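Engineer: So the protein sequences, as listed, match chains A, B and C. Numbering-wise (the working numbering), the first sequence opens with residue 1 and increments by one. Numbering-wise (the working numbering), the second sequence opens with residue 1 and increments by one. Numbering-wise (the working numbering), the third sequence opens with residue 1 and increments by one.
Be a bit skeptical, because a hint or two may be false.
Straight-line Cα separation of at most 25 Å, PhoX-like style, residue types lysine-lysine; simulated pairs [to be verified]:
#  : chain 1 : residue 1 : chain 2 : residue 2
1  : B       : Lys318    : B       : Lys63
2  : B       : Lys356    : B       : Lys235
3  : B       : Lys373    : B       : Lys277
4  : B       : Lys209    : B       : Lys277
5  : B       : Lys277    : B       : Lys316
6  : B       : Lys235    : B       : Lys182
7  : C       : Lys290    : B       : Lys56
8  : C       : Lys290    : B       : Lys63
9  : B       : Lys341    : B       : Lys277
10 : B       : Lys320    : B       : Lys341
11 : B       : Lys209    : A       : Lys266
12 : B       : Lys56     : B       : Lys356
13 : A       : Lys266    : B       : Lys159
14 : B       : Lys63     : B       : Lys235
15 : B       : Lys209    : B       : Lys158
16 : B       : Lys56     : B       : Lys277
17 : A       : Lys266    : B       : Lys178
18 : B       : Lys329    : B       : Lys318
19 : B       : Lys237    : B       : Lys159
20 : C       : Lys311    : A       : Lys189
21 : C       : Lys311    : B       : Lys286
Computed far set for chain C versus chain B, every beta-carbon distance over 12 Å [what the hints assert, rightly or not]:
#  : residue
22 : Leu19
23 : Arg122
24 : Gly149
25 : Leu155
26 : Ser162
27 : Arg209
28 : Thr217
Please keep in mind that the hints were generated in silico from the structure rather than gathered at the bench. Here the structure is a predicted model, which is why all the values come from computation and not from measurement. Quick reminder that beta carbons are idealized off the backbone N, C-alpha and C, glycines included.
Each chain is listed here by its residues.
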Amino acid sequence: MDPILLAVQTLNGLQLGVLLFLVAAGLTLVFGIMDFINLAHGVQYMIGAYFAATFTAVTGSFLLGAALALPAAVLVGVALERVVFRHFYGRDHLDQVLATFGVIFFLTELVRVIWGPTPLSFPVPAWASHSVTLFGGATYPAYRLFIIGGGLAVAAGLYALVARTRFGMLVRAGASNPRMLQALGTDIKRLFLLVFALGAMLAGFAGLMAGPILSVEPSMGDNLLILAFVVIVIGGLGSIQGAFLGALLVGLVDTLGRSFLTDAVKLVLPASAAVDVGPALSSMLIYVLMAAVLIVSPTGLLPAKGATR
Amino acid sequence: MKRTVLAAALMAGLALPAGAQDLRIGLMSTLTGPQAVTGQHLRDGFMLGVEHAGGKLGGLETKVTIVDDQLKPDVAVQEVEGLLKRDNVNIVAGVVYSNILMAVYKPVVESDAFLISANAGPAPVAGNRCSENFFNTSWQNDQTHGAVGKHVSDSGIKKVFLLAPNYQAGKDGLTGFKRHFKGEVVDEVYTKLGQLDFSAEIAKIQSAKPDAVYTFMPGGMGVNLVKQYAQAGLKDKIPLFSAFTVDETTLPATEDAGLGLFSASIWTPDLDNVANKRFVEDFRKKNGYVPSYFAAQAYDAARLIDAAVRQAGGVKDKAKLRAALRQAKFDSVRGAFAFNKNHFPVSDFYLVEAAKLPDGAPAMLKRKLVFEKYADDYAGECPMKW
Amino acid sequence: MSADTLSAPPRAVRFRGALLPLALFALLAVVPFVAGALGQPFYVSLFTRIMIFAVAALALDLVLGYGGMVSLGHAAYMGVGAYAIGILSFHGVDSGWLQWPLGIGAAALAALVIGALSLRTRGVYFIMITLAFAQMLYYTANALSTYGGDDGMTLWGRSSFSGLVKLSDARTFYWIVFAVLALSYLGLRRVVASKFGRVLRGCKENERRMAAIGYNTALYKLAAFVLSGALAGLSGVLLANHTEFVSPAYMSWVRSGDLIVMVVIGGLGTLHGPIAGAVLVLVLEEVLSKLTQHWWLIFGPLIVLTVWRAKGGVVRLFGGRA
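Please model the entire structure based on the sequences and the hints provided.
Structural biologist: What follows is the structure, encoded as structure tokens:
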């Protein structure tokens, strides 16, 4: 196996993992604290990308566009929480799944009406559009390194926030025993709103980071949402560390599977059959991973302590 | 409440009494979901064709019922049942995707109506499953791939890397390419349908060091690939050829990353003929965007229906209408238009390049002729004679 | 929480409870006549499709409403049933005597394997693991290039039953699907009223207690899961015969989500609720999509409102309970 290819693919896996973590972190936070399944989280990611693309086009600057898109994405998230989601706290998970499913339908179509069904243009900022030469002469897009860096920085910041601050203490307490927290007199409604805003911001951030490399279109959140759920289930619901671990695992397994699985299958099966079997296997690899993790450890790898859900 | 809904549903059916001399067309397109943009092009193209006939195709009062297949085969079957049994359409036209066409093919060709595909052209319906009630105004799926394959071969490229989504059209597409490409295939990679990130594949390409890459990545997947390919700095090092990947539906999103890439097509907005000039000009004026081949082929479908119904003197006599459709006496936006014996057109295929129109809008523009009067490879399997 | 485990409902309520299912079936029974009178055979086909989805929704209600297992992969069993028909027909086996039992059996087998592995988990983990297995089946179907891959494959004829009944006749097929739906409904009524059904509901309320009393709860849940999978497989058999086409799209996770929408909107754990849900969702889809291309703008909020306001589904609005 080519070591340079392996290294580049590992970098690619890391980049996908970081992106997944940004989406999954918000999802798992909201679930951990509020016991709320928000399927519309993927739509919030999509809206982040749309805002960033639009504001970047208007201002002509990626950083300025991003700076405007982030609060706008948070605003949409907060509005959703106020108008729809808060009615579903404490309800059956099934009701939450359905209600947020309805929100997905609505917002996806609304975006299609406002921006049209054609994918949006969102170029990579000029200062990161070049490729960096790595070890052994391999090149790697600078913007992807920027994503890895930015994502890891946010992960570190999030960890500090959760592990070191009073807000983080409440978050951790809420994840393991929300009822106790309420009994102790915490303003749970305010905490919920804050956590929700934080989740919306993370999703929006992921969207604006992903916009320049992915196609900005109404359905861009759907695929990612499923992946993000796979991530938090593998990691253990409600756990930030679990989400981080799960995201890197999924990113690496998916990327490395896509690059090497078909060749590996060719060692066992004739080439004609391998061309059929290999891609099918690599498509389902992360689901196999998730099923395997859950069969061995039915609450994921690092479940939040005390969570019995 | 349920009963009111049901009543409303029944009323909707009753609202269309079948007139004596009118033409009823069902237009099936993909209007919701991720691929809605292609369906929009197709619909707008067809409706412009109807408009250019003054709302009267073949001189008959024309009622077009537009239905959305949602890119779900069973929904498509249900919608087509509605068109055939409720709206009593004479013709079902449109259909963007092959899996949808395969699903609605049997119910329509076994009914009293004609099926006219304005885009999808899967192999079975061009070959042994061809039907006297089915026509196609685009191409057989393999042809565009074959045209790119021939061009790549002709330009002296020896080693190519092939990349397509892991689904039937992807596999067929690469097979079509290989049929006319004479060099060596260094690797053939199939990705997950709907894949977002192509970094793994791009790294593989870099490591395989081919002379060129050929890909088929429709819709958003293509946008992702083209952007990421350019960002990896490969666009100028290893030429990227494609089919159904870079076109007027995706160029607004890829912009500079897509410019300069080559593909093949039977039609471009800059083809020099009277019918095409009128089509492109009026289409842009009416819809505010540059039409793609989806729109052009659908426009041709409407023009074909217009000419054939006029020639047959109505839709009453199915045999007469079929004979008129076969003759296809209309001014196609692609220039000359003629059907092969399997009811697929025999068209010229051009090498096309993503470039800018005089006013700066990105579009696929004609560069040179690759195949003249290219008949598809399945026509021989079609037992139909006329 | 379902009230029926606590005490038997009063007579009046029980009567009203029986009224709604009766009305539903009566409505479905007059469709062919109304359609015939109006000269609109299309509605026979539309309601055939609706009843096929109602069978699948019924199947899902058994695990979802009574067993408390949220399966986000039930479309996969429909798909397995449909593919069994498609593959057999591809190889020239048209006999329904063979096709139907094999289709149901294959779906039951898939449900047995998936259920046995998935039931180790619960809650959201269960949702995701059932989704994972459904996705694996989905990608497998996509890779079956002999059988059309993702293009799907056309059935060049419906199942044949030694010339006894002709499924190709739209009305005959309607009545067969109607009979399947009615028998499934009545059968499941008996199942949920039996000891098996009571244990299943007990597991939903408090599994630990049921286990402490001495029930092998895992076995009960697995049995329900397999029964449900088999019934979903049957609906897939019907769907393949109805559309005369099979495709991996039948197994997509969105389709599994649609089934959950039907069950919850109609009324979880009522059996007739999912039937009402299937009618409501599919009729709405048909009417709204004719109204505007952007019908999701209406449909989305409708789902949110129904879940928010009509707790327990629309059939509860009529005051009825199973």
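Engineer: For each hint, tell me whether it holds in the structure or not.
Structural biologist: Hints and how they fare:
| no. | hint | in the structure |
| --- | --- | --- |
| 1 | B/Lys318 to B/Lys63 | holds (19 Å) |
| 2 | B/Lys356 to B/Lys235 | holds (18 Å) |
| 3 | B/Lys373 to B/Lys277 | holds (22 Å) |
| 4 | B/Lys209 to B/Lys277 | violated (42 Å) |
| 5 | B/Lys277 to B/Lys316 | violated (34 Å) |
| 6 | B/Lys235 to B/Lys182 | holds (23 Å) |
| 7 | C/Lys290 to B/Lys56 | holds (23 Å) |
| 8 | C/Lys290 to B/Lys63 | holds (15 Å) |
| 9 | B/Lys341 to B/Lys277 | violated (29 Å) |
| 10 | B/Lys320 to B/Lys341 | holds (17 Å) |
| 11 | B/Lys209 to A/Lys266 | holds (21 Å) |
| 12 | B/Lys56 to B/Lys356 | violated (35 Å) |
| 13 | A/Lys266 to B/Lys159 | holds (21 Å) |
| 14 | B/Lys63 to B/Lys235 | violated (47 Å) |
| 15 | B/Lys209 to B/Lys158 | holds (12 Å) |
| 16 | B/Lys56 to B/Lys277 | holds (22 Å) |
| 17 | A/Lys266 to B/Lys178 | holds (21 Å) |
| 18 | B/Lys329 to B/Lys318 | holds (17 Å) |
| 19 | B/Lys237 to B/Lys159 | holds (14 Å) |
| 20 | C/Lys311 to A/Lys189 | holds (23 Å) |
| 21 | C/Lys311 to B/Lys286 | violated (47 Å) |
| 22 | Leu19 | holds (14 Å) |
| 23 | Arg122 | holds (29 Å) |
| 24 | Gly149 | violated (4 Å) |
| 25 | Leu155 | violated (8 Å) |
| 26 | Ser162 | holds (24 Å) |
| 27 | Arg209 | holds (39 Å) |
| 28 | Thr217 | holds (36 Å) |
Hint compliance for this structure: hints 4, 5, 9, 12, 14, 21, 24, 25 are not met, and every other hint is.
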